[in-house]
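Participant: Respectively, the protein sequence lines represent chains A and B. Residue numbering for the first sequence follows the working numbering, beginning at 1 and increasing consecutively. Residue numbering for the second sequence follows the working numbering, beginning at 115 and increasing consecutively.
Any given hint could turn out to be false.
[What the hints assert, rightly or not] PhoX-like mimics (lysine-lysine), calculated; alpha carbons at most 25 Å apart, straight line:
| # | chain 1 | residue 1 | chain 2 | residue 2 |
| --- | --- | --- | --- | --- |
| 1 | B | K271 | A | K71 |
| 2 | A | K26 | B | K379 |
| 3 | B | K424 | B | K397 |
Simulated from the structure, these hints should not be mistaken for lab results. All figures in this text were calculated on a predicted structure; none of them were measured in a lab.
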Amino acid sequence: MSDKLTVYKCKKCGRVMYPWHDRCLKCKGREFDEIEMPLPATGKLLTYSQLFALPWRFDVRFLTLGIVEFKNGVRAMGQLKTPDVKVGMQVKATWGLVREIRGEKLYGLKFEPA
Amino acid sequence: MRKVAILGAGMIPFGRRDEDTLMDMLAVTGLKAMDDAGIGDRPIDAVYVGNMGAPILEHKTGLASALVDRLCLFPAAAESIENGPASGGSAVKNGFLAVASGYCDLVLVVGAEKMRDTIVWKGTDFVATMTHPLVEYIYGVTLPSMAGMFARLYMEKYGVTEEHLAKIAIKNHNNGLLNPYAHIHMRITLEGILHHPHAKVNNPVIASPLRFYDMCPVSDGAAAVLLGPAEMAKELKKPEIAIAGIGQATDTHALQDRDDPTDLKAVTIASQKAFAMAKLKPKDINVVQVHDAFTILEIAESEHAGFFKKGEGAKALDEGRTEIGGDIPINPDGGLKARGHPVGATGVANVVAITWQLRGEAGDFQVKKAENGFALNFGGFGNNVIATILRREA
């Protein structure tokens, strides 16, 4: 379990990226500072979709997935803990179990209304 | 660069093809394109196969070499091209470059996919493997849910309604009824999929706000073209259907990395490149095939390609302009929505559909006065897009 999200700030132009890219999406710079973004963190829900046709080995009736923008500009996808959401609402992001593939537990972002 | 023409085109009906293996579909469809061109036993210099799923779904690799073997095309050069759902468009583009450069004369391009042998969740999961492994795939995201997140933003920003999306599905299914190669032959109505109290059952939410009838079907199928130098069309007594322009562009892997996630930049850039190469403008185009894996994409892609201003695609639909008899027919063959979407075949199938239109061979879904046509192949969720413009030479 992790209580932080590692994001990458370009040393040249300051763009913060998540996920990692080898060159900055804005200025093509190659050097980054690793920033530990503490979790829980709050952000704004930009969009979401409630998914009823599930992929591999999700033992739930549906999944609600969304993209959240944090105050530092970082955007990230994650699983919403409740389907009762709307675009623009503030959500709290935590780190938790999101999927299990071939016995391997995968952890990622979980969102709930702030 | 030399001028390149589509000398032959072929397709097999899309749908559930339990009787065929992937190699059967590739071989039969490849022969159709060769026979359509009437090249007899002339040597083919190169073979390009567009396919996305065989290594995962079929546990098969080296498709292009196997196709050369099936068709006895030795010692033709052969390459399989995996470029997500844009594999077919990529295969056509590489075939075009091979002929245009003068390195090859005759090039066979076949796109094929076998998807119906797989159980649904495995198929959905296989398509989702093209999403970002660390920040998308792990959450269980699928292409329908990417489209759902995109649609929610696009509908809000441009006033596209559920009814508009339903109308795309209805139009394309009506068109599909006219196309013997289409996977789905079924008439649907606004009442049945949207307004009736039972519509929620007929047309349940799959990835909100998108419903069942906003999604393309999962299909088996193949499509092929034979490319060669334009002057060979006369020799073969075929109408000269020139590849007048091809453009390709990419965008970020993860949707969240796009400054404006509603902006399909790769569609805009690929289309602009194709138009610049063809020295044509969107208003010169008489028939369009876009990549409507989801209904929202028909509207968004046609706007980004330049056929309408942003936010006006839905209006054009309301006015009937995109129907077969309209001034800018879109997906007259039923599109991915009704024709089906065997992913590696789709990019080639859109080019075949335009070829038939420009030759006047589209049968019941023929549009009038088709001289210039446009085909789009949309890979990833818009992270790799190929636009192709075909022109019928006098």
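Participant: Hints the structure violates: just list their numbers, smallest first.
Facilitator: Of the numbered hints given earlier, the structure breaks none, since each of them holds.
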